[in-house]
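Trainee: Sequence:
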Amino acid sequence: MYTRILGFAAVAVCLAMPASAAIALGDAAGSYAISPANSSIRFSIGKVGGGGLDGAFGRFKGSIRIDNSDVARSQVNFTIFPESVGTGQGRIDAFLRSDAVFDAADSPEIQFRSTSVTRTSDTTALVSGRLTARGKTFPEKFTAELGGLKAGTIKFHVTGQVLRSRYGMDVGTPIYSNIVDFDMTLTGKRG
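Oh and the sequence shown: position 182 is 182 in UniProt numbering, straight run, nothing missing.
Keep in mind the hints are simulated off the structure, nothing from the lab. Heads up, some of the hints might be wrong.
For lysine-lysine, the following DSSO-like pairs were computed, each having C-alpha atoms within a straight-line distance of at most 27 Å [said to hold, decoys possible]:
(1) Lys150 with Lys189
(2) Lys189 with Lys155
(3) Lys155 with Lys61
What follows is a set of in silico ranges between Cβ atoms, one per label pair, in the way DEER data are often shown [said to hold, decoys possible]:
(4) Gly50 with Arg73: 20 to 26 Å
(5) Asp106 with Gly147: 33 to 39 Å
(6) Ser98 with Asp27: 44 to 50 Å
(7) Gly147 with Ser98: 16 to 22 Å
(8) Gly51 with Asp27: 39 to 45 Å
(9) Gly51 with Ser128: 27 to 33 Å
(10) Asp54 with Ala105: 20 to 26 Å
Just so it is clear, the structure is predicted and the values come from calculations on it, not from any experiment. Yeah, the Cβ is synthetic: ideal placement off N, Cα and C, and Gly gets one too.
When you get a sec, could you build the whole thing from the sequences and use the hints?
Mentor: This is the structure in structure tokens:
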């Protein structure tokens, strides 16, 4: 009842990535495939009185295209598979996969598609896009910070907040927060 928030955050992670391209745009320009083995999509949901719920998604895929001539035209596409949610507690994981939260059987994917990337500093950007979960689509924003660029590999730290109630995942509120905090490390390999 308390973990509906998870799905949105993961998708949002992909969006933030293009932001870091601003640091050395000429060197970072190109297309990248997200490497799940070297990336993580983590989320947390607060609880009244302290504590809460922490988890991650084990399965996701995505791509980033950094436009050399116009950062705003860069793109991020990301898909998270909610059946891969993990909190370290089997009972809670099963509940999150159920129709009460992610409905992984009928909604096997959470998708994020960027609509714009706005450079906010030499190493950060605001990634805006459309997040779709459980058949509902809403605009969301994530902050991306370039964490490294070396030998065809780029790394981003992406953060953001998503309101889970918008996507029909508000079970457990107000005991559990409506806000899902996402903290992602995304590593892309130039393709």
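Trainee: Are the hints correct? Go through all of them and say.
Mentor: Do the hints match the structure? See the list:
no.: 1; hint: Lys150 with Lys189; in the structure: 10 Å, holds
no.: 2; hint: Lys189 with Lys155; in the structure: 9 Å, holds
no.: 3; hint: Lys155 with Lys61; in the structure: 15 Å, holds
no.: 4; hint: Gly50 with Arg73: 20 to 26 Å; in the structure: 44 Å, violated
no.: 5; hint: Asp106 with Gly147: 33 to 39 Å; in the structure: 36 Å, holds
no.: 6; hint: Ser98 with Asp27: 44 to 50 Å; in the structure: 45 Å, holds
no.: 7; hint: Gly147 with Ser98: 16 to 22 Å; in the structure: 35 Å, violated
no.: 8; hint: Gly51 with Asp27: 39 to 45 Å; in the structure: 43 Å, holds
no.: 9; hint: Gly51 with Ser128: 27 to 33 Å; in the structure: 32 Å, holds
no.: 10; hint: Asp54 with Ala105: 20 to 26 Å; in the structure: 24 Å, holds
Against the hints set out earlier in the document, violations occur for numbers 4 and 7.
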